[in-house]
Amino acid sequence: MKLARPVYILLLLAVVVALFPDLAQAAGEAGEKLAGAPQPTRADYPHFAGMSSRDIVWGVAQMHLFLAAFVLAVPLFSIATEFMGKITGDQRYDNMAHEFMKITMSAYSLTALFGGSLALALFLLYPHLMGYLMKVFRGQMLIYALLFLLESVTLYIYFYSWNAMRYGNRKWFHMSIGLVLNTVGLTLMFIANAWATFMMSPSGVDPATGAVIGTVWEATRNPLWNPVNLHRFVANIAYGGAIVGAYAAYMFLSEKDPEVKAHYDWMGYTSNFIAIAGFLPLPFAGYWLMAEIYAYSQQMGITAMGGILAWLFIIQAILIGTIMLAANYYLWCGLMRTENGQKYSKYVKYIMLVIVGGFLVWVTPHSLILTTEEIRQLGGTHHKFLGPLGIMPAKNTAVNLMLVFTFLSFQMFYRSSRIPTVKWARAGNMLIIALYVTGIVNIVFAGLYGYITPTVYKVGASVPQVISTMSIIIFSVIIDIFMLRGAKTTTVHWGRMSDRSQYALFVLPVAFTWLMGLMGYIRSSLRTHWHVYTIMKDKSPEAYIPTIGEAGNTITIITLSFMAVMVFVFWLSRLGATRQETPS
Amino acid sequence: MTFARVMIFSLFVLLAFTGFANILPQVQGDPPAEEEINTGSLDMAGMIALGERLFTGKGTCTLCHNNLGRAPDLLMDDLSQTLPSRLVDARYEGVAKGKNGAGAIEEYLLESMREPSKFVVAGYGKKGTNDTVSPMPVVNKAPVSLSDIEMNAITAFLQNKAGFDPTVPLPSAGEAPAADASDDGDEEDGPATDAVAAIEKFGCSTCHDLEGSEADLGPKLNGIGKRMDDAAIAKSILDPNAQIAEGFEADLMPQDFGEQMRVSELNLIVDYLKKLPE
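For the record, the sequence lines run as chains D and P. Counted from 1, the first sequence has number 394 at position 394 by the working numbering; the numbering is strictly sequential. Counted from 1, the second sequence has number 57 at position 57 by the working numbering; the numbering is strictly sequential.
Treat the hints with caution; some may be incorrect.
[To be verified] Residues of chain P placed beyond 12 angstroms of chain D at every Cβ, according to the derived structure: (1) Arg86; (2) Leu87; (3) Val196; (4) Gly223; (5) Leu238; (6) Asn241; (7) Glu249; (8) Pro277.
[Claimed, not checked] The following label-pair restraints were derived from C-beta to C-beta distances: (9) P:Thr132 <-> D:Tyr451: 27 to 33 angstroms; (10) D:Ile391 <-> P:Arg91: 28 to 34 angstroms; (11) D:Asp499 <-> P:Asp73: 53 to 59 angstroms; (12) P:Thr62 <-> D:Gly576: 56 to 62 angstroms; (13) D:Asp44 <-> P:Ala215: 30 to 36 angstroms; (14) P:Ser80 <-> D:Ile474: 53 to 59 angstroms; (15) P:Leu75 <-> D:Asp499: 58 to 64 angstroms.
Hint data in this document are derived by calculation from the structure and do not stem from the laboratory. Ideal Cβ positions, reconstructed from N, Cα and C, are used throughout, including at glycine.
Based on the sequences and whatever the hints tell you, model everything.
Next up, the structure:
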């Protein structure tokens with residue numbers, strides 16, 4: 001059948017419109033006058049049955065983000081574990097990667113449910129803001145929806161084709177599907193990040209009126225986009241690891257069969273490793289984000305670190321300290337799994353001293369909360385000896401030492417089942433000790449230097465500390481790889497763990513979830529009374545930054561709801577694997 | 001059983017975090033309140049006082065101009081020395097170059113607020129710019145958005161602090177005091193922090209017998225906590241015509257409290273009402 005030329009042209013136009021919705025939109029708006037951002041008054045905000053619009057959006061958005069972070073992160077380390085299984089030929093890795101995905105599948109539909117609810121809540125309760133964002137990001141929102149569809153398709157294919165493509169070349173094909181799934185997942189996250197960061201550091205619009213003058217890409221690559229992308233990418237891995245660790249702990253506590261318990265013990269250890277491996281570089285991604293916030297707007301940076309939100313970083317210290325202590329406690333308990341564990345357990349008390357000491361330094365505030373009488377007795381709000389521990393150089397030193405010693409806990413467990421056989425083992429060990437000593441001295445020295453340098457350079461003084469920490473970790477791993485080649489291995493008694501140790505694996509997701517909620521609250525609060533910073537004012541009744549207590553209560557309710565949902569998902573997973581015995 | 005144990009454990013961990021969040025200083029970050037400036041009656045002493053309030057308040061100048069080294073500490077420095085020294089700095093190429101006296105200081109200060117990168121004091125530039133780019137925001141643009149009168153007031157404050165007689169003009173009676181034309185005047189002075197303040201703010205005692213007003217345009221609310229639950233009290237405030245008390249007329253009570261009140265204020269009033277004795 002021969003088609004007429006106009007039909008071809010129409011088809012071509014349809015393809016162009018589908019592929020480049022920006023172009024179509026731009027063509028439609030070409031003749032229109034550039035309009036600025038809407039400036040709604042308080043009366044323009046819809047409200048729903050006397051309920052707080054912000055609390056509704058806060059709750060739904062946070063639940064969606066928790067679930068989405070988990071659902072996006074698990075396929076990342078699932079494919080890495082699958083790859084390990086392929087390379088080593090050890091089927092345990094493959095089975096574990098498959099089990100990781102099983103939990104993701106249960107959580108996926110809930111993610112979509114909360115995502116849909118969030119979109120509905122935003123369009124109903126903040127129509128002007130959403131209208132403006134639609135105008136700025138135009139066709140990108142449609143692309144997001146299409147990518148979500150693609151994410152669903154690839155996720156289902158990846159999971160359900162697991163056993164059909166388990167060996168040989170089919171395995172590589174299966175991992176390619178996983179790669180597509182992860183690419184789509186990350187793209188989705190980057191797009192959503194663009195909207196959130198545009199609200200903090202708008203670009204591609206007229207700074208005076210908010211009129212859209214740039215392309216979608218210009219609005220997307222706003223100053224804070226990449227720092228948030230990196231921070232969320234790394235944090236998601238840590239978060240996903242923590243949730244899967246909780247799943248393993250749940251199954252470990254629920255199961256009676258020693259073999260099954262051993263499997264979940266191993267899974268718990270691996271998940272804890274993933275969580276901490278993701279967690280170690282997180283402070284550095286955080287530094288970069290904060291440095292970029294300062295570079296974008298010094299005012300915004302100071303609001304976060306030295307203004308109304310400064311106290312939140314003390315809570316952050318409590319949470320991160322809790323995570324460190326729980327992860328280390330779990331590792332120390334793990335020494336009982338190996339025959340040589342006893343040899344290393346005598347060092348635990350020293351590591352604990354450093355971790356607890358670092359934790360205490362980190363939670364020491366610069367100014368103390370005191371009554372008038374106490375201020376009079378103390379002679380000010382700064383304690384003579386404790387005050388200096390409240391500033392950044394002390395905290396940077398503390399966190400770097402905590403990271404170094406957490407890594408040492410991992411290294412001890414890893415070595416407790418391996419005895420090196422290479423001739424240069426003694427020299428290698430001395431080299432590692434020298435690496436630790438030099439790095440720690442450098443961290444402490446750079447911390448002291450931070451006290452004598454002006455405020456603006458204090459953050460810069462943390463760079464050599466970060467380099468020292470990373471050097472210790474990276475070079476120790478490299479030396480260990482070569483030194484433990486052909487090492488004599490001893491049995492690891494998986495499953496030989498106390499029930500108490502499993503609760504440490506629950507502390508991780510609870511603290512991580514609360515921490516993510518807290519960080520989300522800080523990130524949103526940095527916009528102060530703006531929907532889109534400097535462009536579109538927030539005139540709603542809730543255009544204020546809630547108190548720490550109010551935020552804390554809200555985050556706790558959301559976290560508890562999330563934990564209930566996740567433990568329910570774990571329970572469902574176990575139920576799904578339970579088969580009633582055939583009646584005799 | 002494991003489900004219950006895990007949830008109870010999670011709850012205890014969460015309560016510890018929440019408890020800690022609640023013992024820290026509780027500060028609510030309210031949007032900056034627009035100060036009523038009576039342009040007709042403002043004298044120079046008033047301008048200086050206004051300038052000081054703006055410097056530490058709406059202008060957010062003290063976020064950086066403090067003793068932490070991010071910007072010159074204008075409150076502690078001897079401005080009689082530092083300000084004139086800027087004008088003779090070899091790198092200064094601004095409008096007050098080669099001039100001296102209070103008028104030149106005024107020009108320099110206003111220029112610094114409108115174009116902060118015109119001259120950056122050595123050591124205070126953005127990192128990597130060799131003191132050619134200032135981290136300071138343009139103060140007559142968002143997010144600070146000071147008006148010309150407000151910038152003049154800050155200039156008067158700093159001139160006075162430096163020991164000069166302020167040279168900025170006093171505003172004329174008709175001059176608009178606020179900078180942001182988009183402001184629709186519905187800014188408020190911040191939320192009421194206790195029930196009595198909230199009752200007063202929304203004029204509840206004008207019609208109801210509250211706080212000893214003995215008003216009788218609206219029904220007595222004593223013992224309402226025993227007749228209605230929190231949600232019903234809140235609903236009768238937000239939608240007063242939904243249920244009219246016997247003997248009273250509809251439409252007497254404002255219908256727009258849902259738009260005027262913050263959730264915290266509504267909660268304060270509900271709490272207050274339900275505790276009223278019989």
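Now the hints, each set against the structure:
no.	hint	verdict
1	Arg86	holds (20 angstroms)
2	Leu87	holds (25 angstroms)
3	Val196	holds (20 angstroms)
4	Gly223	holds (22 angstroms)
5	Leu238	violated (5 angstroms)
6	Asn241	holds (15 angstroms)
7	Glu249	holds (23 angstroms)
8	Pro277	holds (25 angstroms)
9	P:Thr132 <-> D:Tyr451: 27 to 33 angstroms	holds (29 angstroms)
10	D:Ile391 <-> P:Arg91: 28 to 34 angstroms	holds (32 angstroms)
11	D:Asp499 <-> P:Asp73: 53 to 59 angstroms	holds (58 angstroms)
12	P:Thr62 <-> D:Gly576: 56 to 62 angstroms	holds (60 angstroms)
13	D:Asp44 <-> P:Ala215: 30 to 36 angstroms	holds (32 angstroms)
14	P:Ser80 <-> D:Ile474: 53 to 59 angstroms	holds (56 angstroms)
15	P:Leu75 <-> D:Asp499: 58 to 64 angstroms	holds (59 angstroms)
Going through the hint list in order, the structure does not satisfy hint 5, though it satisfies all others.
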